[in-house]
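Peer 1: Protein chains in written order, with this note's numbering: chain Y, 1 to 522; chain Z, 1 to 482; chain D, 1 to 101; chain A, 1 to 215.
Hints are computed from structural coordinates only; laboratory data are not their basis. Any given hint could be a false lead.
What the hints assert, rightly or not - Straight line, CA to CA, 30 Å or less: simulated DSBU-like cross-link-like pairs of lysine-lysine: (1) Lys145/A to Lys56/D; (2) Lys200/Z to Lys56/D; (3) Lys463/Y to Lys114/Y; (4) Lys175/A to Lys87/D; (5) Lys114/Y to Lys450/Z; (6) Lys163/Y to Lys114/Y; (7) Lys361/Y to Lys463/Y; (8) Lys110/Y to Lys361/Y; (9) Lys376/Y to Lys110/Y.
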Amino acid sequence: MNNISILTYIAGIPIFTALFLLIVPSNYRVIFRAVSVLAAFVSMILAVGMFCHFNQAQVDSEGFRFVQDVPWVNSLGISYHVGVDGINVGLILMGAIVAFAATLCSWEIKNREKEFYILLLLMSGGILGAFASLDLFFFYFLHELALVPTFIMIGVWGRGDRKNYATFQITLYLSIGALIALLGLIALYLQSGANTFDIPKLIDVIKANPLPVNVQNFIFPFLLFGFGILVSLWPFHSWAPLGYGVAPAPTAMLHSGVLKKFGLYGLIRLAVPLLPQAMHHWMMAIAWLAIGNILYNGWVAMRQRDLNLLIGNSSVAHMGFIFLGIASLNLIGLSGAVLIMVAHGFLAALSFALSGFIYQKTGTLEISELGGLCRKLPFVGTLLLMAAMAGCGLPGFANFVGEVTVFFGVWSVPALHFIVTLALWGGLIIGAVYMTRAIRNVLHGPLPTEFAQISGSTSLWRKIPYALLLASLLLFGCVPSLLTDKINPDAARLTASAQTRKAGPTLMAMSQAAPLKSPLGN
Amino acid sequence: MNSSSITLEIWVIALGMVLMLADFFVAPDRKRYLAYAGIVALTGLLLVSFSGDGVCSIFGVSFSGSFVEDPMALFFKRLFIGSAILVLFMAAEFSDRFASGLNEYYSLVVFALAGMLFAASANDFVMLFVSIELITITFYVLTSFQKNRLASLEAAVKYLILGALASAFMVFGIALIWGTSGELNFNSLAQVSGQFVNNKLFLAGSLFVLVGLGFKIAAFPFQVWAPDVYQGAPTPTTAFLAIGSKAAGFVLLLRVLFVAIPAVTHHWVHLLMALSAITILYGNLCAMPQRNLKRMLGYSSIAHAGYLLLGVAALNASGQAAVMYYLSGYLFTVTAAFFVIALVLRHVPDENISGLAGLNHRSPLLAATMTISMVSLAGIPPLAGFFGKFLLLKAIIEQGPAHHGYYLLAFIALLGVIISISYYFNVIRAIYWSRDPADLSPITVSGPAKFSIAICVAGIFWLGLFPESVLNFAMSAASAIK
Amino acid sequence: MNVGLEQFLTVSFLLFALGLLGVIMRRNLLVIYMSLELMLNAANLALVSFSRFNNKLDGQVVVFFIITVAAAEVAVGLALIVALFRKRPTAHVEDLATLKL
Amino acid sequence: MESLNSLLDGTVVSTCLFYLFATFTLVCAALVVANPFSRNPVTSAMFLVLAIISMAGLFLLLHAFFLAAVQILVYAGAVIVLFLFVIMLLEIKEELRRRINLFGLFAGILSVGLIVRLFLACLHQSPVTSAANPSIEGDTASLGKLLFTQFVLPFELVSVLLLVAMVGVIYLSSKDSKSRISASSSGTEPGVGKESSAVSQSPNTSTAASTQTKH
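Construct all of the structure, not just a fragment, from the sequences and the given hints.
Peer 2: Below, the structure is given as structure tokens:
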């Protein structure tokens, strides 16, 4: 039990490499580039190995594998406790892959590279650790460790004239969100009376004696809005497109792809099992806010003139599907939510990486100023086309699997039928409109004369991150069972714990409507 | 028993006298080494205080109940000795900026330390008054020690007037408390204080004592002196003021509120909550536009007093433990910050934040230290400041079910944290990303300075990453005063 | 009519208030300092009268300490004011304006 | 002593004396704070002496003989003399008639009035308890006994405090040579005065220290 878990290596290698880089002089460019890439690579390989070896049959009594539990502060019940189950195993894999891709994409950074690599490694290590953590305190602590570098990276390496405003807004929003969530977490810890920050133990304690409904309803908004702000839940989303618009590509990839999923993961990991009745109580509200995300941000995305803002808004819109999946509170919906989280991680990272590449080549992301790039940059153009197709939810990509699963899950809740219809229209029609428009304007049409000199010939080395991300999207899109097999048992456990203590006849009906196996599993 | 219980204090006072008399035997140009002698002696005392059956581990009261030795006193005594050691390191670096009287400066630091040690053990109002006055009067002199600098003198005079006003209030409060209850000793007062919850004169007296202590910790509305004095005083004095004097205020506040008049404290809980909220907001909002680094830290220290008051207003043992933990983290953090200021802004006339420009080229060590200290002050993991704030918030929310105002208080504290991130980040930005630094000459950092900076940084990380031992100590200290 | 504790305390309160008024209103450092002495003396009077009417001697010991501490404080304070005056010949609080935002 | 006691306890006489001393104290205190005829600090200091002396009279009425003597010795004898000395030394003239800050004045009077009102209300609402027959005598012997038994620790601490005050005063009033600091500190004017290093002050301080701790 107490030998060091592979998860500790996955999260620890980037963090300790970052500390090591502190002592490397800043003119040894090759060294710290190589070391950072190597660290991210090792971390990714370990994550892949971990994913392959994850086996539902070998979990411990609480349903986790690769567990390590070291007491940290006994008097408060804080311990360093990591482990994976079906919910976070995919997220960690996705996080490690995106972190590696982001590190590779960092070649675009030309000034103060040492600081950039240090912050990037801290960010990747922190968020991987947060996903692996099974202790409330470390869960929060490591996320915060990953969050702060984001602000600095956007503030220092951001591009465009709105840099300062965007930095200010993103710092303010995300700090507020994180701190509100912290309040909720502390309240949860205190109300459980268990004197432990250990999540599995907390779940056990609360299963034995559930929190009173009014207490649940009091704590839940803290978690919903705290995490919601972190995930750019409508109407608290305005930081996201703006921030991603100015952020350097690696930061945007890592944040929108991985870090942003923390809030959703927190809701699934904590709110569903610990506050089930409040979850039911707030179900409609979450669903409507999710519709806000899908429709409002889809509409805003249609009107964007800047490619990065468009991607940012569409990424916010995708969050709506995940919220919808969580709100359904049944097995299919929840599995679908986790699937989209993984798929969207790859997709967002790929999109931002590509837009970063285009910016690097052309110096602008104004859609009206671009055009005909497919001829000059065939590789990137193709990838962008595929990313757009994935974003519209075309079959063959992991997003399609996730979105369809979520729709099935939500459809099984009668109260949400209307919302599903809305979401379906929004997701499909609006997405298709803005994506095709962007593709047409950026990749096709006449090539502006100033871009005549652009050469698309990049070394194989630089194509790796894009290829890797696209390959992952296609892999999980064609073989979703890789993920669903792992997710289903744990999602079932979560929904079961939420269903057993539901209140009201409508919810009873819902549980009967929910089949126990995902239709897509196998 | 009586005299043996104050062995530590006697040694500290003796050290102060030795440092003063050493003037005879030490050549003027070697006087700065006296600081190192003082550091060695104080380190010895600190180690003695840790030795199991040493001088400080006999708990109990002595001197007819006016002196108490308990875990809380011990906790604060170690804190004070630690801060004095770091301040002496800083003073040795700062010595070329004093016109004369180096050994007097060192010995006054040690005498102020003696006052703090007695304050940590004060168990009646006479000891409280005398020890707090010893600290305050010593600080008047320490503040004005750069007596050729107008700002230093002005700061001292402002401190003097407001300090004397605060002690007048406190003395009157003591008179009213003693007059109505007839008790000076905290323990005997605790037994009768329950009868006086409705006695208006007694309440007024307790309020006046709070005014006096509020001045020491720079809580709103008694905070007016803090920015001026922080800015004007010599940097080692500012550092000592920021941690030593504030901690002394808090140890007395904890003793008075929770040992002497617990019943009345419950009566004032709304007042404490309001004070804490306003102090946090005031300190943080005023710190934002500041250009002078020391003045900015002065306002931020007001804000930190507000955070610490959260732990007091929580009225529970975990709040008190959080206060102690936070103070120990604050010790390393704020000393590190002032150390960097003392070393870097040596030739910059107005000590502005812009003076830090290009620090990462001039001295990466100092740049990293300042960054770590600012990040810790802002309360970002994994440093000491984060865990301290976490404990304070936890203590506040623990009381939430009893009184919903605590949730509001927690919100305000969070708002303060968010505001504070902006101005701490400003400092970091000035260090790494300012446009065209005027001065890029490398800064050489002497060996002892490196050593003490290393202690501070190690302390910040240690308290952030391995809080267990200090937290346990703080908890046992907090349970001792119940 | 006999003179009791209330009368003495009233005198003490009024004295305290007068001192406070002086601190707030006057602008001369030395006069402010004198007003502060008045406030301390008000506390002394309260302590002595409580001591007399409650038959406890502790209060008078406290007064002894207050007087001693006040004397020390006055010495330091006046030395400070003199040092400041040497730098800038003014005893006005409003002239203490070096330390401003 | 006997005759003094009988004089103080005579009801009519003591009542008259109380009102006399109390009125005198308050009037003098008011003249310290706000003298309509003079804004000269010397006048304030002189009225402070009178207020202190009449307060010593109140102490006598309260049978605090030792404190009455200390009050006159320390305050009238030392503190006020120090004040006058400083005023003369600095040649502080009348307080300049500056524009009176009406708001400040109003706020000051209002807040002070509120505090007095609050106090009197407190006094009215919770009457103070006093022993049936006040019999305590504040004579030197009993005070001394208390001082050296129960309060011996603060007493010793006060000696440290006096030492600190002395060191501080000597340091602050010593004149420095124009030294290297002028370059490194802001707002520095060229140091005035001749060579008189602080080194020579130390013998004084140390002897003073030893006398203080012994005393």
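Peer 1: Need the status of pair Lys200/Z, Lys56/D: alpha-carbon distance at most 30 Å?
Peer 2: holds, 21 Å
Peer 1: Measure nothing beyond the straight line between the CA atoms of Lys376/Y and Lys110/Y; if it is 30 Å or shorter, mark the hint as holding.
Peer 2: The hint holds at about 24 Å.
Peer 1: Do the alpha carbons of Lys175/A and Lys87/D lie within 30 Å of each other, as the hint requires?
Peer 2: holds, 12 Å
Peer 1: Regarding the pair Lys463/Y and Lys114/Y, is the alpha-carbon distance no greater than 30 Å?
Peer 2: holds, 23 Å
Peer 1: Next pair to validate is Lys361/Y with Lys463/Y; report whether the Cα-Cα distance is within 30 Å.
Peer 2: Holds, at roughly 14 Å.
Peer 1: Next pair to validate is Lys163/Y with Lys114/Y; report whether the Cα-Cα distance is within 30 Å.
Peer 2: Roughly 21 Å separates the two Cα atoms, so the pair holds.
Peer 1: Would the hint linking Lys145/A and Lys56/D be met if the CA-CA limit is 30 Å?
Peer 2: Holds. Lys145/A to Lys56/D sits at ~14 Å (cutoff 30 Å).
Peer 1: Hinted pair, alpha-carbon criterion (30 Å max): Lys114/Y, Lys450/Z. Please report holds or violated.
Peer 2: It holds: about 24 Å lies between the C-alpha atoms, which stays within 30 Å.
Peer 1: Regarding the pair Lys110/Y and Lys361/Y, is the alpha-carbon distance no greater than 30 Å?
Peer 2: It holds: about 14 Å lies between the C-alpha atoms, which stays within 30 Å.
Figure legend: structure checked against the earlier numbered hints; every hint is met.
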